[in-house]
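Chain residues, written in single-letter form:
Protein chains: 4
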Amino acid sequence: MAYRDEKLEEEKVFKDPVHRYVHVRDRVIWDLIGSREFQRLRRVKQLGTTYLTFHGAEHSRFNHSLGVYEIVRRILENFRDREHWNEEERLLCLCAALLHDLGHGPFSHSFEKVFKLDHEDFTQEILLGDTEVNRILTHVEEGFPKKVADVINKTYSDKLVVSLISSQIDADRMDYLQRDAYFTGVSYGHFDMERILRVMRPMEDQVVIKESGMHAVEDYIMSRYQMYWQVYFHPVTRSAEVILSKILHRAKELYQNHYEFKLKPVHFLSFFEGSPTLKEYLALDENVVMYYFQTWMDEDDPILSDLCERFVNRRLFKYIEFNPNLQMNEWRELYELFREADLNPRYYLEVDSSSDLPYDFYRPGEEGERLPIHLLQPNKELKELSRLSDIVESISGKKRTDHKLYFPADELRRMPEDSEVKQRILGILYGKEEQ
Amino acid sequence: MAYRDEKLEEEKVFKDPVHRYVHVRDRVIWDLIGSREFQRLRRVKQLGTTYLTFHGAEHSRFNHSLGVYEIVRRILENFRDREHWNEEERLLCLCAALLHDLGHGPFSHSFEKVFKLDHEDFTQEILLGDTEVNRILTHVEEGFPKKVADVINKTYSDKLVVSLISSQIDADRMDYLQRDAYFTGVSYGHFDMERILRVMRPMEDQVVIKESGMHAVEDYIMSRYQMYWQVYFHPVTRSAEVILSKILHRAKELYQNHYEFKLKPVHFLSFFEGSPTLKEYLALDENVVMYYFQTWMDEDDPILSDLCERFVNRRLFKYIEFNPNLQMNEWRELYELFREADLNPRYYLEVDSSSDLPYDFYRPGEEGERLPIHLLQPNKELKELSRLSDIVESISGKKRTDHKLYFPADELRRMPEDSEVKQRILGILYGKEEQ
Amino acid sequence: MAYRDEKLEEEKVFKDPVHRYVHVRDRVIWDLIGSREFQRLRRVKQLGTTYLTFHGAEHSRFNHSLGVYEIVRRILENFRDREHWNEEERLLCLCAALLHDLGHGPFSHSFEKVFKLDHEDFTQEILLGDTEVNRILTHVEEGFPKKVADVINKTYSDKLVVSLISSQIDADRMDYLQRDAYFTGVSYGHFDMERILRVMRPMEDQVVIKESGMHAVEDYIMSRYQMYWQVYFHPVTRSAEVILSKILHRAKELYQNHYEFKLKPVHFLSFFEGSPTLKEYLALDENVVMYYFQTWMDEDDPILSDLCERFVNRRLFKYIEFNPNLQMNEWRELYELFREADLNPRYYLEVDSSSDLPYDFYRPGEEGERLPIHLLQPNKELKELSRLSDIVESISGKKRTDHKLYFPADELRRMPEDSEVKQRILGILYGKEEQ
Amino acid sequence: MAYRDEKLEEEKVFKDPVHRYVHVRDRVIWDLIGSREFQRLRRVKQLGTTYLTFHGAEHSRFNHSLGVYEIVRRILENFRDREHWNEEERLLCLCAALLHDLGHGPFSHSFEKVFKLDHEDFTQEILLGDTEVNRILTHVEEGFPKKVADVINKTYSDKLVVSLISSQIDADRMDYLQRDAYFTGVSYGHFDMERILRVMRPMEDQVVIKESGMHAVEDYIMSRYQMYWQVYFHPVTRSAEVILSKILHRAKELYQNHYEFKLKPVHFLSFFEGSPTLKEYLALDENVVMYYFQTWMDEDDPILSDLCERFVNRRLFKYIEFNPNLQMNEWRELYELFREADLNPRYYLEVDSSSDLPYDFYRPGEEGERLPIHLLQPNKELKELSRLSDIVESISGKKRTDHKLYFPADELRRMPEDSEVKQRILGILYGKEEQ
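Quick mapping for you: the protein sequence lines, in order, are chains L, H, G and P. Under this note's numbering, residues 1 to 435 are what the first sequence spells out, in order. Under this note's numbering, residues 1 to 435 are what the second sequence spells out, in order. Under this note's numbering, residues 1 to 435 are what the third sequence spells out, in order. Under this note's numbering, residues 1 to 435 are what the fourth sequence spells out, in order.
Do not rely on the hints blindly, as some may be mistaken.
No copy labels: a pair is met if it fits in one copy or bridges any two.
[As the list claims (entries may be wrong)] Computed list of lysine-lysine pairs in PhoX-like fashion (alpha-carbon distance at most 25 angstroms, straight line):
{"no.": "1", "residue 1": "Lys12", "residue 2": "Lys318"}
{"no.": "2", "residue 1": "Lys264", "residue 2": "Lys279"}
{"no.": "3", "residue 1": "Lys399", "residue 2": "Lys383"}
{"no.": "4", "residue 1": "Lys262", "residue 2": "Lys154"}
{"no.": "5", "residue 1": "Lys399", "residue 2": "Lys113"}
{"no.": "6", "residue 1": "Lys210", "residue 2": "Lys154"}
{"no.": "7", "residue 1": "Lys210", "residue 2": "Lys380"}
{"no.": "8", "residue 1": "Lys12", "residue 2": "Lys210"}
{"no.": "9", "residue 1": "Lys422", "residue 2": "Lys113"}
{"no.": "10", "residue 1": "Lys279", "residue 2": "Lys146"}
{"no.": "11", "residue 1": "Lys318", "residue 2": "Lys210"}
{"no.": "12", "residue 1": "Lys116", "residue 2": "Lys252"}
{"no.": "13", "residue 1": "Lys383", "residue 2": "Lys12"}
{"no.": "14", "residue 1": "Lys7", "residue 2": "Lys318"}
{"no.": "15", "residue 1": "Lys7", "residue 2": "Lys210"}
{"no.": "16", "residue 1": "Lys252", "residue 2": "Lys113"}
Bear in mind the hints are in silico, worked out from the structure with no lab data behind them.
Hey, can you work out the whole structure from these sequences and the hints?
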């Protein structure tokens, strides 16, 4: 039997707290899960620093990837005998679902910003480069790795296949909303996925939703909205992200200034220099990063060592509402005052802004690649969701941004009570009446 | 206000997926949670290698410790106005609950066996030594750290206090059964804790359960039974433990034989030598261990590098049922054959036996320190649980042991088909009819 | 000890699927639950005809009333030591919570419309009249029944007390959303009540919500929105309500026309005549109504017997979208055609319109009695919810109405295919392209 | 297309709180659900008087019947391509699952005992008699009603089919344990049905369970054990059953003694006379019974009126432990004393004994019709469950009986304090030290 059609003698299952069971029958899927590149995802947390806010959020991208695979598997089971669906694409969809996050590195968000990397590039490299995953996919068919890469890259010709993995209501989002809600323990994030799966219909170039399922979709979109503001953009999590970025910046700067590290940061060198190879990239998982942070707590550079101590022992920065667009002067003044107070403002003062994309996604047209959700009406016509749903309409236009200013409140507290600089800083931060 | 009575201005809560919220009002508790020794528990998994079997089980001991604290907090709220309960002991109980697992190191089970350590000793050292935790507790009262240590050590004079933290139905067990069930996703581990908390009653020297709550307790004990066999003793998890132990053994042996490590295992040296200081012990969390394992994959020693590769990439040993007491001859023969096949049997052949304690606990008398569960009857008499419950009675006598033989099936598969050694090994392992 | 302060020797609990346990310590509450007027609520379904759409929705108002009591009990536990809260009002609140729905009759909605009754009047009568409930309340204190009645009637002087029972986010709504979601099995209706209870704060004349709980309140309002459209206004449920109303109308009409019922409708006579006494009102529960409907299936009047058969055996009317404001001509035409077809349009053709109140409630000012939800900001100022929440703002202005036209599709189907009347009716109902 | 193969154009679903959705594709199933005999099940509670103990247990047999159907549907989906399974039997299984409880009358347990009826006979009559259900089944195939009846009657030739509906681990039990747990809200009743369904395997003459699913089956059996003792045999529920039986006995006795009822009990006459026709049987649902009970509260016979008042207003009998086998003398004495006290002991004194069948079922051989659960071992051999499971073994031998004596404690309380009879009665009931 061809490898692509090979079935396991007995179906294997993974016990999954979100979907109850993840079912695997295909030998290819089984082999991919066993590959070292896929196993590496166990060493990258799904939600980065969120576990410092929600202690349950310690789950890995391995978890999530299995979940996305399982959702696509269930969707395709429903599609089996439907018009527009080409059963030939089944294995391709499953592989793309399973592997779509393969290139994620440690604390992706901060790493990518500081080192100017893109995990999507690495996903492509892993699929197409000299890896176990590539060998397994090539064994299916010459050119199969490229197909998988194209689906994940949204450049595959069959747009229906692409939309299963990346669209406004794809398996990726449906898994992470539920999974992140489960592990954090928040009460948001619930929606009736079973119903959504039942009302999904394949069309020529996209998956659409039967109109009768509109309310379940509304619920899903409200879940996203709540999860973004309650979990993903939580200001405490962002405080940890700020510190994390500062550590990476500082280490890089020290390296560039020929600082002598007590422990040579072997794993980081190529990152500092700007062009890690695939092998170097894969070697740097979150355990390794944490190992360095713990080690750097003993470095002589006071900034690096302090920031690492903060991250490891969770001594985070505090925050206040602060709109940099409106408060330019305060910002400049604070910057100066921090310098006077011997707190390097490049590392100890930061504005972080989070913008709410979730309900802006749903405007067709504007963002080239993002397709709207279409509802299939009883008369077989398609209608864009926000034209039928008041709630979605109401939130789909409004971009919302949250600005926070982060700083080490503990350092300020430690300054002598009669310090004028301290008083002026506190005056700006908290106003007169407080503190 | 005395530090011990200080309350936070506003109650703080942690969102907890198992107990919904963990509530903190006491400044002391808040400070302890923020201490570096307590934060370290985020870097030690609650279930060691179980995440390699149940992918959801990535939660840390930090999680669990907060949960135990919360359960004790709820119990004490019910006890407030009850006879036998001394409200003076409240803070002591809360601290002991929060800190009872403080000394756990990485993958405790294997580490303790290989390096002959005991996490309970380290818990005592952290409480009594030069640590942030000690400073916070001492701030409560001179001698308070010792009290907390005594409660955890079960030597505290007030046995009622001890029994809240360590008994057959203590807060520790109630938390971990539910938490581990939640994160693994298994359907066992559920019992009606709310009801058990409601029927707990303080007595002079122990917590007892009102007889009307007997069925909830039965359910709890059945949960334990199922969790032990379905989760804690899962043979795949034990396969990972076997490999982990072998890695530690091998590294230690190499060190003792003056092997030159490419990367000097600084963090391990004092462990190899047998007497890590508290500081060294605390520095070795699971991130650091994993960092070494990943690095050792590049070591020249083929055994160390192979074992590490197995652990990191989850290439586990396979297993068969094997009773070493009854199958001495097979064991000896296999040992010889492995040697002939150039598979060092000291590292590639292992019997692991797990013994089922859960329902043997409940026999009063035998195990000095373990108290039976007592039911409080309407006539105010106490009766040992198994005398009233058929189900508990039925399982409380029977010790059950499970033996498995672990070996690298992949290595055997790779040997030439016509190898006689291979055939003889397979013959012993699988019998004639299979493979 | 005064009756009002009497506690049960041992707390009693009711196992409740929604709140897990309902706790009773007060003798007064225990006695009220045991009264015959409160037990009667077991014989009135919480959701009327909804069980014909969602088969799980067979729960009674007894269920719900206990739930509202329990929520208020939990709120007051949090209020105990708070400013603005007068512990003297505790028992009053609990009684009002428990008894707020006492006057509900069978299938209240239809009954009240047809017989021009108001269940709120009967609640007042039960509290103040010659009943077991009145005797228990009077035993607490002369004038106590009147106080309870005033709280339920929203005329009590302490507006804070009133707002616990009747406001935009009161215990009543919080219970029924969760309870109705639980029994129907829909995935809407979930919100984080535990958090809402924690952020409720008593003020002089209302309960307010700390701003930090805003997202939980948003979630609650979205739940209401979804429950209204998905469950409460479900068109199939409304079909059953239409038939129910028609039965009552027909029976009353027959009675007024001196029709000779085979079984004299003793229980209904005073309803037909317009002024049931309290005793007569209480005697007519849903079992009795159903008994009559089943009996009336054998009446000679073909309309009464057909409608009863439809209700009892769930042969409901079908429906189409139909806006009576825009489709006056179609309506008139259909009305004529039904008459021609010998289907009495007064009983077999009906437009039902449901208006969505949930998110219109939240506009302060317009509806005198309805207070907006206020958020308590860190600076101690109050702000109306929709001014801080985009989502609530977005739905709070828009009234939405759903119109459906109901008719017996089975009768139409049974008419001869070549009937011109039939063809014309179908033409209007379904247009040309369908059927 | 033949009626038996007809599919609905679009799959219909019922929202079910236990199984989330019940799916219907077959026209035959859809028609059966719509039949009046099946709709009647909405008017018969699943758990009789249990709602007087657990207020959530107001769900009907309609609910449960849909659930059993859904479970069988899922099992058969798994069986589709398996050896031993004959897809021809699919519709038969679904019909038998749906209709297996069709003959249940109001409060079956008491009714059957008092009137010497058997609901299983009526199930057969409904299937084979002049009913809508029979017409639908006959439309499938001449003789099909008989086949369905045989499956339900366990006399059908294909024992595999029978075992799906009636065996130790059949769809019936799996549904009611979960459903009754859900509606009562107890925490027992949970087991991993999804896993059990996955490990079920069809064999020649029975369904067996793969050995790897043994622990899920253990959990299921423990659920049964707990549900029996915590819910089904709850002493308060049995108190209501005792009163119910007494009412029926009294009414029958009065009728036989030519008592003149104010309202002629038309619906009961044939029951009193011992041979209701099918039509009469079907007319007497729980609404009708409750209507009579409420009406009889006004009867002149003091016993009938008192008992009805008790049932309707939940003034139940109290109970004590009482073993009639050991306490013959007390029984005789009480009987005499009640007579002296003018409390007719035939109606006001009753011993109710409940015997625990659940874990006695599992002994093969003894009860002819009950087959043991067989586990399918990896070597393809079958082994009876209790031989592999310690827990099941431990409970499978022990029959447990619970005896309670019921009596109207309120009447005793109302007797003058100095009454000697009262003192003697209380002495026997409560001993000297209490009351």
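Evaluation of the provided hints:
no., hint, in the structure
1, Lys12 <-> Lys318, "between (47 angstroms within a copy, 16 angstroms between copies)"
2, Lys264 <-> Lys279, "both (19 angstroms within a copy, 22 angstroms between copies)"
3, Lys399 <-> Lys383, "both (23 angstroms within a copy, 22 angstroms between copies)"
4, Lys262 <-> Lys154, "neither (45 angstroms within a copy, 44 angstroms between copies)"
5, Lys399 <-> Lys113, "within (22 angstroms within a copy, 46 angstroms between copies)"
6, Lys210 <-> Lys154, "within (24 angstroms within a copy, 43 angstroms between copies)"
7, Lys210 <-> Lys380, "within (9 angstroms within a copy, 46 angstroms between copies)"
8, Lys12 <-> Lys210, "between (32 angstroms within a copy, 14 angstroms between copies)"
9, Lys422 <-> Lys113, "neither (32 angstroms within a copy, 53 angstroms between copies)"
10, Lys279 <-> Lys146, "within (20 angstroms within a copy, 50 angstroms between copies)"
11, Lys318 <-> Lys210, "between (47 angstroms within a copy, 21 angstroms between copies)"
12, Lys116 <-> Lys252, "within (13 angstroms within a copy, 41 angstroms between copies)"
13, Lys383 <-> Lys12, "between (40 angstroms within a copy, 24 angstroms between copies)"
14, Lys7 <-> Lys318, "between (54 angstroms within a copy, 21 angstroms between copies)"
15, Lys7 <-> Lys210, "between (33 angstroms within a copy, 20 angstroms between copies)"
16, Lys252 <-> Lys113, "within (13 angstroms within a copy, 41 angstroms between copies)"
Checked against the numbered hints above, the structure breaks hints 4, 9 and satisfies the rest.
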